[in-house]
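Undergrad: Spelled out, the chains give:
There are 2 protein chains.
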Amino acid sequence: MTTSSEFIALAQGLLQQCQALHQQGIAALAQACQTPRGLSAERLDQHQLLAYDIAWTSAELLAAQTALCEVASAPDSLDAELALVFTVEVITAVMPRLDMLCLELSLDASSLQTLQSSAAWADLRRAAGSEAALARAGQRLQASQGEIGEVHLDASIRLVQETFQRFGQEVVAPMAEHIHREDLTIPETLLQPLREMGVFGLSVPEAYGGSGTGSEDDNLIMVAVTEALSQASLGAAGSLITRPEILCRALQAGGTEAQKAHWLPRLAQGQPLCAIAMTEPDHGSDVASLTLRADRVDGGWRLTGAKTWCTFAGKAGVLMVVARTDPDRSLGHKGLSLLLVEKPSTEDHAFRVDQPEGGVLTGRAIPTLGYRGMHSYDLSFENWWVPDSHVIGEASGLGKGFYFNMTGMVGGRMQTAARACGVMRAALLAAQRYTQDRKVFGQPLTHYTLTQAKLARMAARFVGCRLLTYQTARTLEEGGSLASSLVKLLACRSAELVTREALQLHGGMGYAEETAVSRYFVDARVLSIFEGAEEILALKVIARGLLEQAWRSTAASISTQAPASAAHSAAQREPA
Amino acid sequence: MTTSSEFIALAQGLLQQCQALHQQGIAALAQACQTPRGLSAERLDQHQLLAYDIAWTSAELLAAQTALCEVASAPDSLDAELALVFTVEVITAVMPRLDMLCLELSLDASSLQTLQSSAAWADLRRAAGSEAALARAGQRLQASQGEIGEVHLDASIRLVQETFQRFGQEVVAPMAEHIHREDLTIPETLLQPLREMGVFGLSVPEAYGGSGTGSEDDNLIMVAVTEALSQASLGAAGSLITRPEILCRALQAGGTEAQKAHWLPRLAQGQPLCAIAMTEPDHGSDVASLTLRADRVDGGWRLTGAKTWCTFAGKAGVLMVVARTDPDRSLGHKGLSLLLVEKPSTEDHAFRVDQPEGGVLTGRAIPTLGYRGMHSYDLSFENWWVPDSHVIGEASGLGKGFYFNMTGMVGGRMQTAARACGVMRAALLAAQRYTQDRKVFGQPLTHYTLTQAKLARMAARFVGCRLLTYQTARTLEEGGSLASSLVKLLACRSAELVTREALQLHGGMGYAEETAVSRYFVDARVLSIFEGAEEILALKVIARGLLEQAWRSTAASISTQAPASAAHSAAQREPA
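Chains X and C supply the protein sequences, listed in that same order. Numbered per my numbering, the first sequence finishes at 576, counting up by one with no gaps. Numbered per my numbering, the second sequence finishes at 576, counting up by one with no gaps.
Calculated from the structure, these hints are not laboratory results. Because the structure is a prediction, the values reported are computed rather than measured. Possibly wrong hints are sitting among the right ones.
What the hints assert, rightly or not - With a straight-line cut-off of 25 Å between C-alpha atoms, the simulated DSS-like cross-links for lysine-lysine are:
id : chain 1 : residue 1 : chain 2 : residue 2
1  : C       : K334      : C       : K260
2  : X       : K439      : X       : K260
3  : C       : K260      : X       : K439
4  : C       : K439      : X       : K540
5  : C       : K400      : C       : K334
6  : X       : K439      : C       : K439
7  : X       : K260      : X       : K343
8  : C       : K400      : C       : K260
9  : C       : K260      : C       : K439
10 : X       : K334      : X       : K439
11 : C       : K400      : C       : K343
12 : X       : K334      : C       : K343
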C-alpha cells in the first residue's frame, strides 16, 4: 500500500531523472554547436529538430514538476490525482524524445532504459496511467463540484476573479456565439461595463490611474481576469487586456514622463482602446527585418509601409507602430522605434483615414476561422504624419523600440497561456456536461471508461497548464521570461488538444456552429500562431536560451579551468 | 553501409516484432474478457482504453507494413524513404502503447525492452528518424516533381483519375472557397458536368446503366475519383459519391429486380441525387436503438420521427431512410428496414414538403464548421406516406435494413479514407508551395531543417494512409471489411494532423479564411466524426472484431484439445 504522498514523491523522482538526462542532452547539443565565440548559427540550424524537441520537453517537465509541487500539500485531492495523471502523460511523451536525443548526440541511454523498465515507473503508471486509474480520475472529476487546477489567491484577487467570472458567464458568454458567427466587432454593450470594471487599468500603476500595485499581484490578477474572460469567449473578451498590457509596459519601459502622464490614465480607462502594429506581410516573426519606414521630417516622422495581423486596429483609437526610424537596415532591431498613431475608432471591417497633413491610413479586417470580435487588420500607411511627441521616449527612445516592446511581449505570452487556460476550461466543462447528458447504448456517455479516461487526460492537461500559468505570474518579475515562453508553448498546444477531444466527445453536435465547443475549437487554433508562433518560440526563444545558458556555463567552467586565466583561477579557489 | 532494401527488411522485421507482441496483447485481453459463451460485454467496457489503443496500434502497424510492402520493389524511391519515415513514426507511437498493454495484462515486456534498446531500432532511426534523415527526406520531397504515395493503376483507371484530378483543379477548386465561405449548396454548374462524367454511376453495374464492372477496379476507381475530387474540396465535390455508393450497394444487396431496374439507372445519372437518413438525434452511433417509426397502413407505411445529420437531404430527390418497421423494440437492429422517400430537390437551407396523402417532411440545414456545400439536415417526418414498392426488398426486405446497409457502410469507410487522403494531399501541397515561397530570416521557410522535417513527416503519413487506402480498395470484396475500418480510423485522424501542421507552417496566413489551408483544416475535422466516429469504430468494430477473432481461435483450440469433443479430436489428428 502506497500513499498518495509517496506517489507524488515517486513521480518527482522520475521527473528528476528525466530532467537530468534532458540537461545532459542540452549540454551535449550546446557543445555540438559551440564555437569559441558562442553558438554557431549554422549548426543550430542543422539541429532545429532536436532544439524543437528540447523546447517541448522543457515545457512539459517544468509543468509536471510545478504541478506536483503545487499539489504536494493536498496529496489526496483530485488535483493531486490529476497532477499524477499529467506526469504520466508527460513522462510518456518525453521518453522517446530523450531516447532520440541520446541517439543523435551519442549519449549513454542506459539510464533512460533503466528508467523505462523500472519498478517505479511501472508503479506510477499503475497508479495514474492505467485504464483503471484514468477511469477513477474521470469519475471523480465528474462527481466533483469544485474547481480543478486550484491555486491559492488572496481574498482580494479572488474577489476580482469571481467578478469577472460572473461577468463572463452572465454577460459575455450569451453574446459570444452571435459575435463569432456574425463576425461582429465587440459591441459597446460589452466594452463599456468592462471599462467600468477597470479591465484596461490592470497593467497601469495606481499613480497613473490604474489598479497596478507593482507587486506580483498585478500579474496574478491579469492572468485570473484573462482566464475568466477567455472562458466566456477568446475573441469577444478574453483578449482585450493583451494590447493595453503590451503598450502600457512599453510606455513604462521607455516613455517620457509626459507620455506616461498623458497616455496611461487614458489607456487605463479604455479611452482610447489600443492596438499593436508590429507584424508585416513579409516579416512574421522576424522582428529584426521589419521594414515599415519612418522618414525624418521637420517636427516628426512620415510612416510608409504595411502592417498585418494588427488585432483590434479598427476599434482602437491609438496604434503602437513598430517602425524603422534609422534608414540603415544593417542595424536590424536596433533601428526600430515605437510610434503612437492616433486614429478614429470604427467598427467597420474596412476603413480609410485621411490626415489634414496629407497622410493616409487604410485598414481591412482579415476574415479568420475564429478569434473573431476584435478583427485583425491589414494596415497600409502612406506618408502618415507622426509628431515627435508620439515617439515613445521621444529622441532618447529612437532605436530602442525592440527593447521597450520586449517586456510587454513577455507579459503577453503569460497572458496568452491564461487565454489558453480559459478556452481549455470552457471546452472541458462543456465536455463534462455533454457526456453527462448524452446517452449512448442506453447509458450516459460519461458512464464509459473511455470517456472517463479522455476526460481525465483533458483535465490533467488543463491542471498542468493552469498551475504553471499562475506560477509564472507569481515569478514573472523575478526573471520568469523563459517560463512565460514555456507555458505559452505548452498551454496553447494543449488548448488545441483539449478542444479537439471536447469536440470529439460531442460527436456530430461538436461540429455544429450552434454548439459552443465548435467555437472553442476554432478559437484555440489561433493560440499556437500568435504572440510567438510555436516554432519561433521553441527555437529562437526557448531552445536558444537554454543552449546559450549551457554554453555560458561550459565556457565559464572551461575558462575557470584554464591556467592562463589567473583571475578565474583565483575565483575557482574561493569556496563555492 | 546498408542499402535501402536492407533498411526496408530491417523495418519489416521490427514491425513484425511489434505485431507479435500486439497479437499477444490482443489474445491476453480476449482471455481477460472471455466467458464460456463469448466475450463479456461488462469486462470489455472496463477495458475500453486498452481496446481503443489496440485499434490504433492495429491500424498503424497495418499501414506501415502495407507501405513497406508496396515500396519494396523500388527501395531507392522517395516513397520508400517516406515509408521508412512513416515506419519510425509508427513504431515510436506503438511502443508506449504496447508497454502499457504489457503492464496492464501482466505480459512479459522484456522483448519490447530488447527491441527498444536494439541496434536494429537505433539503425532504423538513424536512417529514417534522425533530424538529418528527416531533413534529407524533406529536401527530396521539395525537389521532387512527381507524385508521392504512388500506386500502380491500370491505364484505364489512371485515365479516369487524371480526368477527375483535372476537373477538380480546374473547375472545383476555384469555386471551393466561395461555396465554403458563403455556405452555398453545390451549384448545378458543378453537378451537371459531374453527372456527365459519370461520377454517380461508378458504383452501379454496367447492366444498370453505370460503369461498374464487378471487379476490384470498381473500388479502385471510386477511391481514385473520391481522392481527386476531395483534393479540390471535401464539401463541394469529394463527398458526392459516398451517398450513391451506400444506396446502390443497399439496392444491390436487397432490392427487388424491379427496384434495381427502376432506381439504379437513375441514380447512376445523378437524377435524382440521393441522401441517407440513418442517424437520429438521440442515437448517433447506436443503430440498434433507432426509433424512427414506420407504421403499417394499407398498401404501405407511415413514417413518424426525426433524423439528423442527413447530408445532402435538401438537394436529394430520394432519401434512403432507416426506419423501424417492426414495433417490437427488443428486436434491435433486426426490426429495421430501408425505405425510399421521394421528395423535391431544393438548394434551400430549410424546406417543408406536404404530401397529397397528408404527410409532412421538414428539413433544416445544420450550420457546421466546414464540410459545407452539401449541408447536413435535421429532418422531421410526420405521418409521411411510403408505398410498399419503396421498401428495399419489399416484403422480403423487412427487418433486413441493417444488413443491406452494412455493405454500403464498409465501402463508405474506405471512401472516407480516400476523402481524407484527398484533403491531406491538398494540405501537404499547399504547405510545400507556401514554404517554398515564404521567406523568413532571409531564407525560404523550406530552407530550414524543422520545416523539412515537418514536411517529411506529413508526407510520410500521407503515403502510409494512401497506400493502405488503395490496398484496401483492391481487397475489399475478399473480406477487407476490417481493413476499411482501420484505414478510415487512421486516415481521418491523420488528415487532422496533417492539416494542422500545414496550417501552422502558413503562420498567420493559415488562419485566414482566404487561404485554402484554413478550409482544409476545418473540413478535415469532420472526418473522425462521421461515417463511424472514431471511438465507436475503434471499440465496436475494430477491437471487438479482433478480440472476437482471438476468442474464437482460443475457444477453437480449447475445444480441439478437449477430449469430450471426439470430432474435434479427430480433426486434431489430421495433418496441419
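Undergrad: Could you run down the list of hints and mark each one as holding or not?
TA: Evaluated hints:
1. Of the supplied pair hints, the one linking C:K334 and C:K260 holds, its CA atoms being roughly 23 Å apart against a limit of 25 Å.
2. The straight-line distance between the Cα atoms of X:K439 and X:K260 is roughly 58 Å, outside the 25 Å bound, and the hint therefore fails.
3. As the CA atoms of C:K260 and X:K439 are separated by approximately 38 Å, the hinted pair breaks the 25 Å bound.
4. With a C-alpha separation of about 16 Å, the suggested pairing of C:K439 with X:K540 holds against the 25 Å cut-off.
5. Simply put, C:K400 and C:K334 have alpha-carbon atoms about 6 Å apart, close enough for the 25 Å limit, and the pair holds.
6. Between X:K439 and C:K439, the direct Cα distance comes to roughly 51 Å. Violation of the 25 Å bound is thereby established for this hinted pair.
7. Our distance criterion of 25 Å between C-alpha atoms is met by X:K260 and X:K343, whose separation comes to about 19 Å.
8. For the proposed pair C:K400 and C:K260, the alpha carbon gap of about 17 Å is at most 25 Å, so the pair holds.
9. Distance check on the hinted pair: C:K260 and C:K439 sit about 58 Å apart at the alpha-carbon level, beyond 25 Å; violated.
10. As the CA atoms of X:K334 and X:K439 are separated by approximately 61 Å, the hinted pair breaks the 25 Å bound.
11. Between C:K400 and C:K343 the alpha-carbon distance is near 24 Å, which keeps this suggested pair within the 25 Å criterion.
12. A C-alpha spacing of about 69 Å is found between X:K334 and C:K343, which places the hinted pair above 25 Å, so the restraint is violated.
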